[in-house]
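Undergrad: Single-letter residue listing:
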Amino acid sequence: MTERFELAIVGAGPAGMAAALEAKARGLSAVVLDEQPRPGGQIYRRAEARDARLEAALGAEYAHGMALTEKFLAGGVAYRPNTTLWDLSPELRLSVLRDNRAGEIDAAHVILATGAMERPVPVRGWILPGAMSVGAAQILLKTTGAVPDKPAVLAGSGPLLYLLAAQYLAAGVEVRALVETQPGANYRAAAPYLLPALWQRKLLLKGAAMLRDLRKHGVKRWQGASSLAVEGNDACTALTFAVNGKRERIETELVLLHEGVIPNVHVTMAINGGHDWDATQLCWRPRLDAWGATSVDGVSVAGDGGGIWGAEAAEHTGRIAALGAAQRLGKISEEARDRAASHARASLARLRGARQFLDLLYKPAPGQRLPPDDVIVCRCEEVTAGTLREVARIGAIGLTQAKTYTRCGMGPCQGRMCGPTVAALVADERKMPEASVPPYRPRAPYKPVTIGALAAAVDADTPPPDASAGAH
Amino acid sequence: MFRRLPSADAGARLRLTIDGVAVELRAGETVAAALFLAGSKAGRTTPVSGTPRGPYCMMGVCFDCLVQIDGEGNRQACMIEAREGMVVTRQMGARALGGKAES
Chain A
51 MTERFELAIV GAGPAGMAAA LEAKARGLSA VVLDEQPRPG GQIYRRAEAR DARLEAALGA
111 EYAHGMALTE KFLAGGVAYR PNTTLWDLSP ELRLSVLRDN RAGEIDAAHV ILATGAMERP
171 VPVRGWILPG AMSVGAAQIL LKTTGAVPDK PAVLAGSGPL LYLLAAQYLA AGVEVRALVE
231 TQPGANYRAA APYLLPALWQ RKLLLKGAAM LRDLRKHGVK RWQGASSLAV EGNDACTALT
291 FAVNGKRERI ETELVLLHEG VIPNVHVTMA INGGHDWDAT QLCWRPRLDA WGATSVDGVS
351 VAGDGGGIWG AEAAEHTGRI AALGAAQRLG KISEEARDRA ASHARASLAR LRGARQFLDL
411 LYKPAPGQRL PPDDVIVCRC EEVTAGTLRE VARIGAIGLT QAKTYTRCGM GPCQGRMCGP
471 TVAALVADER KMPEASVPPY RPRAPYKPVT IGALAAAVDA DTPPPDASAG AH
Chain B
15 MFRRLPSADA GARLRLTIDG VAVELRAGET VAAALFLAGS KAGRTTPVSG TPRGPYCMMG
75 VCFDCLVQID GEGNRQACMI EAREGMVVTR QMGARALGGK AES
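Just so you know, the sequences run in chain order A and B. Here the first sequence stands for residues 51 to 522, where the numbers follow our numbering. Here the second sequence stands for residues 15 to 117, where the numbers follow our numbering.
I should point out that these hints are in silico values taken from the structure, not numbers from a laboratory. Don't take each hint at face value.
Taking lysine-lysine pairs in the DSS-like style, the calculated list, with each CA pair at most 27 Å apart, reads [what the hints assert, rightly or not]:
no.: 1; chain 1: A; residue 1: Lys74; chain 2: A; residue 2: Lys381
no.: 2; chain 1: A; residue 1: Lys74; chain 2: A; residue 2: Lys121
no.: 3; chain 1: A; residue 1: Lys200; chain 2: B; residue 2: Lys55
no.: 4; chain 1: A; residue 1: Lys296; chain 2: A; residue 2: Lys270
no.: 5; chain 1: A; residue 1: Lys270; chain 2: A; residue 2: Lys256
no.: 6; chain 1: A; residue 1: Lys270; chain 2: B; residue 2: Lys55
no.: 7; chain 1: A; residue 1: Lys252; chain 2: A; residue 2: Lys270
no.: 8; chain 1: A; residue 1: Lys266; chain 2: B; residue 2: Lys55
no.: 9; chain 1: A; residue 1: Lys121; chain 2: A; residue 2: Lys252
Only a predicted model underlies this, so the values are computations on that prediction, with no experimental measurement involved.
Build out the structure end to end from the sequences listed, making use of the hints.
TA: The structure is reproduced here in structure tokens:
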């Protein structure tokens, strides 16, 4: 069965929810599809399940997310959870998968609010059980109130490292150590941007409070660490790393890794939208106009999927994209659109002021993106950095060639977990700028679909074929 | 590797089994959370080398949490909320097709 809406929004995080509420207010018929069972995106994961003590540990932003989620659920916008987009056609037909059954939605405009993912951290042993991402551990905290049963080591770079540590401490959970990988040079590069960041005093003060918290609880912080390795045979037993010219070793069963987040560009790449390389955030970003419109007619992007600016900014870009769609579809005039967007634009400019400082301060160290030869880069097909360097040397100039030679990116994650590293390795080995290494070109289905799911949709739609047809 | 905070112990309870062992969960929690709370570090072994893997991203990106749920293989444990009576089997190697293991 094919449904029709004026606007289809993919993703129910802050950008998608804000876009939906704005679209509704402007008289658009809208539907929100989300892969997750509950709204909120990753940032406000399970924010509608209120728990006072957990809320206190998670902080004020999470409470804001709960309010937004409640408003969204009460807002009367069609909402389809557990629904995965697996194809978006040039005619704006969305092929989706819900509860293992395929379906279709036609739209006049599409807003992709598919958010961000954590940058893969391909250190030695990152494939071992007991090594997982900081974001993953935070999701367990938000959805299940689950915390490490023995003190964990948090390793890598970025504000999320301190945030999760602070949340654990607030919940009375011990943290073993922080192993920080941002190089000293980052502090010098970021310093000139501290002044503009002062406009975001709230954010900086929050950061300072988190660092004070760590000190107060006596959490050991290692700074300038490099060549991280998770040790263990069948599961993590320790983290080792180089620091101050020595190799250190911390025994632990749980290592949480993080090197910042990057836009989830799988769909914008698949529909062949234009992208630009962001040399500070070290990631691809879809090329967007002032209303979030991509180079593909009728498709916009809102939120961190268009570049990492954070959850608060995502609400503003969500509103702006919805206003752009409403004007494009003739619901409001250009003047009304511009007037309605002015507040969101002013807030965005203020929020973006602090970003350059944070991006430069926590920019991943080159070594964290260029693992030694024996490290598995493609987790699905188990292709090592050494193999990828070799194919780059013998002629792979981009990710498609590397894939043809080695099967990297051909497993179920479809290159999401290896793409950034394969590109960094090819660029490094061939002495090319990363911006000139062609990324993977994802194809439909964007997530694995079984033949059974497709067949279930056909069964529901069409009468059984004429039994005699097979005889001819 | 993980335990539940006492404050998070509210909510309707349900039970599923992982490799025949009962695990108690709260409504709205995922199969991947069940794996962790049950003390399973690895939910599967890989089809390529047979080495153990556990959930890595918890948000549907990495596909390292694949398990068999109610007889169907290659299900993403981190994306699926637990239901009463669910039968979860850790997936060793490639998924089983039609109830038989692929070699």
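Undergrad: Which hints, by number, does the structure contradict?
TA: 8
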